[in-house]
Amino acid sequence: MNTLQRHRKLTAIWASEPGVRGLFSTVNHTDLGRMFLAVSFFFFLVGGVLAMLIRAQLATPQSAFAGPEIYNQIFTMHGTIMMFLFAIPTFEGLAMYLLPKLLGTRDLAFPRLSAYGFWCYVFGGAMMLVSMVLGIAPDGGWFMYPPLTGPLYSPGINTDFWLIGITFVEISAIAAAVEITVSILKYRAPGMSLDKMPIFAWYALVTSLMVLTGFPPLILGSILLELERAFGLPFFQAEFGGDSLLWQHLFWLFGHPEVYIIFLPAAGVISTILPVMCRTTLLGYGWIVASATGLAFLSFGIWVHHMFTTGIPHMGLAFFSAASTLVAVPTGVQLFAWIGTMWKGRPSLQMPMLHLLGFFFTFVIGGLTGVMVAVVPFDWQAHDTAFVTAHLHYVLFGGFVFPIMAGLYYWMPHVSGRKRFFRLGELAFALVFIGFHVTFMAMHWVGLMGQRRRISTYLPEDGWTTINLISSIGSFVLAIGIALVIVDLVLHAFAARRSRRDPWKAGTLEWAMMTPPPAYNFASLPHVNSRQPLSDDPDLTIRLARGEGYLPEPENGWRESLTVEISTGKPDFHVIYPTNTRLPIVMAAVTGVFFVSLLLKFYWTVPLAVVGVTILAWRWAWSLGHKADLPLRAIGHGFELPNATQVGQSPSWWGSVFLLTANATFFGSLLFGFAFLWTVAPSWPPPVWFSASLLELVLGLSGAGVGVVAIRQSARANAQGRDARVSLGVSFAGALAMAAAALGIVLRAPTPTEHAYGATLLVLGSYALFHALLGALMMAFLYARVVRGYTSVRRHAEFPVVTLWIDYLAGMSLLVLAVAHLPGLLG
Amino acid sequence: MKDIVRILIAPLVWLASFSAVYGLHGLICGHGIDGTVFGVVSLPRLLLVGAYGLSILIQVGLVWALHSARLGSPSPFVRFVSRATGWVGLVSAVWALLPTVTSTYCL
Chain G
80 MNTLQRHRKL
90 TAIWASEPGV
100 RGLFSTVNHT
110 DLGRMFLAVS
120 FFFFLVGGVL
130 AMLIRAQLAT
140 PQSAFAGPEI
150 YNQIFTMHGT
160 IMMFLFAIPT
170 FEGLAMYLLP
180 KLLGTRDLAF
190 PRLSAYGFWC
200 YVFGGAMMLV
210 SMVLGIAPDG
220 GWFMYPPLTG
230 PLYSPGINTD
240 FWLIGITFVE
250 ISAIAAAVEI
260 TVSILKYRAP
270 GMSLDKMPIF
280 AWYALVTSLM
290 VLTGFPPLIL
300 GSILLELERA
310 FGLPFFQAEF
320 GGDSLLWQHL
330 FWLFGHPEVY
340 IIFLPAAGVI
350 STILPVMCRT
360 TLLGYGWIVA
370 SATGLAFLSF
380 GIWVHHMFTT
390 GIPHMGLAFF
400 SAASTLVAVP
410 TGVQLFAWIG
420 TMWKGRPSLQ
430 MPMLHLLGFF
440 FTFVIGGLTG
450 VMVAVVPFDW
460 QAHDTAFVTA
470 HLHYVLFGGF
480 VFPIMAGLYY
490 WMPHVSGRKR
500 FFRLGELAFA
510 LVFIGFHVTF
520 MAMHWVGLMG
530 QRRRISTYLP
540 EDGWTTINLI
550 SSIGSFVLAI
560 GIALVIVDLV
570 LHAFAARRSR
580 RDPWKAGTLE
590 WAMMTPPPAY
600 NFASLPHVNS
610 RQPLSDDPDL
620 TIRLARGEGY
630 LPEPENGWRE
640 SLTVEISTGK
650 PDFHVIYPTN
660 TRLPIVMAAV
670 TGVFFVSLLL
680 KFYWTVPLAV
690 VGVTILAWRW
700 AWSLGHKADL
710 PLRAIGHGFE
720 LPNATQVGQS
730 PSWWGSVFLL
740 TANATFFGSL
750 LFGFAFLWTV
760 APSWPPPVWF
770 SASLLELVLG
780 LSGAGVGVVA
790 IRQSARANAQ
800 GRDARVSLGV
810 SFAGALAMAA
820 AALGIVLRAP
830 TPTEHAYGAT
840 LLVLGSYALF
850 HALLGALMMA
860 FLYARVVRGY
870 TSVRRHAEFP
880 VVTLWIDYLA
890 GMSLLVLAVA
900 HLPGLLG
Chain E
21 MKDIVRILIA
31 PLVWLASFSA
41 VYGLHGLICG
51 HGIDGTVFGV
61 VSLPRLLLVG
71 AYGLSILIQV
81 GLVWALHSAR
91 LGSPSPFVRF
101 VSRATGWVGL
111 VSAVWALLPT
121 VTSTYCL
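So the sequences go chain by chain: G and E. Take the first sequence: its letters are residues 80 to 906, numbered as in our numbering. Take the second sequence: its letters are residues 21 to 127, numbered as in our numbering.
Bound conformation, chain G alone (with noise of 0.2 Å):
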């Protein structure tokens, strides 16, 4: 096969659909990528145009511009918009498009889950720009506290929308992290073992394990509130033994490590970079993993400093203003990284190298001044101030912002596959970064005077006039800024003239393909000797091409790649993945039914969707695997690999783990939520415990054990050839049993609306019955696979997939039996 017929034939295999309804189909991670980014960026001009009119109603005392309900509306939604909208999938979708072509790979691990991800944030986004045009958008600020967002102060369905449609988009969010550590923990080149894998993969992974962790807390958060405000359960009323400060806690526990998961991408991004436009390497590349390492740990530990005006005790204080001045060591190792690659290098001041510059400039400051407010007595001053206001907004603005766009001009070549030609940027940018900084200097200034966050208007005699107007007209100089890069990259997108392929001369994988690059990325897989493989054989992208790499010969039309052990880099599995499918966006918006028909109060529809969504999940498991074992594969260089379903720790296995990492997560916040209103809430004790129950002990301790031996003894019948049905079905009835002890906590849990713990209860006993439910489920799932041929003693890799879940059903339920009957036993 010549290198054209490979390229024919490989493109034939995975290309998407063509025309518009390949947009729909589409599970390509170049495809799925870009719309994610366009869609990102679509909301990124929604939410400046939001900002400019808070600017215009700012820009005069005593102005008649916006009324404060609307004004409300406008603050909230540009906050949640630029942080949920754009910023975390601009990362999604940077990473979707770039990681497999960094890694020296054909796919994410789950192209499926990529496309389920991107409409559920495509219809959730959606969800929330309805609620704007028709004037019912949530008021309460973006991070949405109670009491003011409660039912009492709150009634309307403005702030429904928020906690509903940011919860379905953050689904989007928990499935981009799944597949995105999966992907670059498995899905590498051969021979791209931990120490030469590309520095943006390292910031990634980090990233996408924050929001793994990061997210969850703030999920409970919001179908806490929801639950409040739908069905009244007291969790945030402090009356009735909640507490307002529980949602607090939630949320920065999500809301801190969200600034460091904004950041940690464009770091990624300026770590890829910085080296290019200096023609070096990257200085301190060991230093730098391990500092966003130990960044992302220490984001963390500093929820607190969100809440330093709350009244916490001086040690409680201390704790969290001590961890919060460490941040600024492993930062500052990243930065002195960064200076010491442009020290060494010989920087060449192109398009790219001027965002990063203006990155460097913005972000030192906003770091100084994270410094100030990280110290007690300074932020008890500056506390819901515009100071705030203006650090936030350096941080984000320097450390996001300006990066995705050095980012933007470094990789639309690679996007386009053309060359820019107008001059346009250089202004742009210059634009952009006078307007900002002359926007935000001005706000710290009218901040430290005491002007503060969210007001929608001030008096003359407030002194505050001249400097709004000045920050106002600085906004509208950067909004400009914005409108020229838009036109920049419009004109480079369609009338620029083709590049070269890599035009910067760089050394990472994505440059060794054609750009725009095919659907398959590579015609055949690289084997990767050290962090610049393209530097090192600049023929590497002819030799690929012609199939001098791994998997050149395409079999049986299957869309094929390779997985690597994690460490070392050395090919272990074979995978085949699935083809362009419809079943992600049906998947999506049957989802979609069950979060609106929950904000629209339409109960009835809600068990629909959830059996609809059961349906589909189904059908999307079944279509995986094979009815005939897989001989080995000749993936080339002498190798041949087992298939990813004859194995036991397959890539579905990965993302169980992850899932449920995220899951734990969820868990564990609940947990602490359950003690923190049992320590700190006032109105405790509840009136009544709930009464403990030796049967459902019993049924729920013997379900556990049952469960997870019978599991096991499933995997080892099939293993041994024998027949796994009567241990699955055992499996299936400790489950059960599990499923009646949750039942029992459900339904004998004290009265919901009366306290906070019986509402806790209910929570916590709804979470192990939907867990119990769903291992059934999958037991169920597993038996008719075992009848219908789908398994065999090679083709096992779905037993230790649904032990894993079992296992943490049974753990789980454990815990929850103890946290509800051990009051009870213990009188």
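I should point out that these hints are in silico values taken from the structure, not numbers from a laboratory. There may be inaccurate statements among the hints.
To be verified - With a straight-line Cα cutoff of 20 Å, these simulated DMTMM-like cross-link-like pairs (lysine to aspartate or glutamate) come out:
hint, chain 1, residue 1, chain 2, residue 2
1, G, Lys88, G, Glu627
2, E, Lys22, G, Asp274
3, G, Lys275, G, Asp615
4, G, Lys680, G, Glu305
5, G, Lys584, G, Asp615
6, G, Lys88, G, Glu632
7, E, Lys22, G, Glu644
8, E, Lys22, G, Asp651
It should be emphasised that the depicted structure is a prediction, and the values quoted were computed from it without experimental measurement.
Once you've looked at the hints, dock chain E against the given chain G.
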């Protein structure tokens, strides 16, 4: 996966111990735990400083393990990064929980 665990373990344990000490502090203040031990040492202070010391000891153990030939990674790169994150965990434990020694606890 062992190498990833080596890199993550020390800061992860720091985060758990930091949250646990904060939780202990919450319990002490929320439930009004008070009193003295041997008539001189305040019980809350003893508990908090004890937890602080335990956190540091665990981190010292982790740093030692990451430096040891038996438990450290065979990969030089992972060995370097895991030791660096090990020190991140230790320094963070010493610094961020220092208020257990220096600050009033329930004011």
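How the hints compare with the structure:
no.: 1; hint: G:Lys88 / G:Glu627; verdict: 16 Å, holds
no.: 2; hint: E:Lys22 / G:Asp274; verdict: 14 Å, holds
no.: 3; hint: G:Lys275 / G:Asp615; verdict: 13 Å, holds
no.: 4; hint: G:Lys680 / G:Glu305; verdict: 11 Å, holds
no.: 5; hint: G:Lys584 / G:Asp615; verdict: 12 Å, holds
no.: 6; hint: G:Lys88 / G:Glu632; verdict: 9 Å, holds
no.: 7; hint: E:Lys22 / G:Glu644; verdict: 11 Å, holds
no.: 8; hint: E:Lys22 / G:Asp651; verdict: 16 Å, holds
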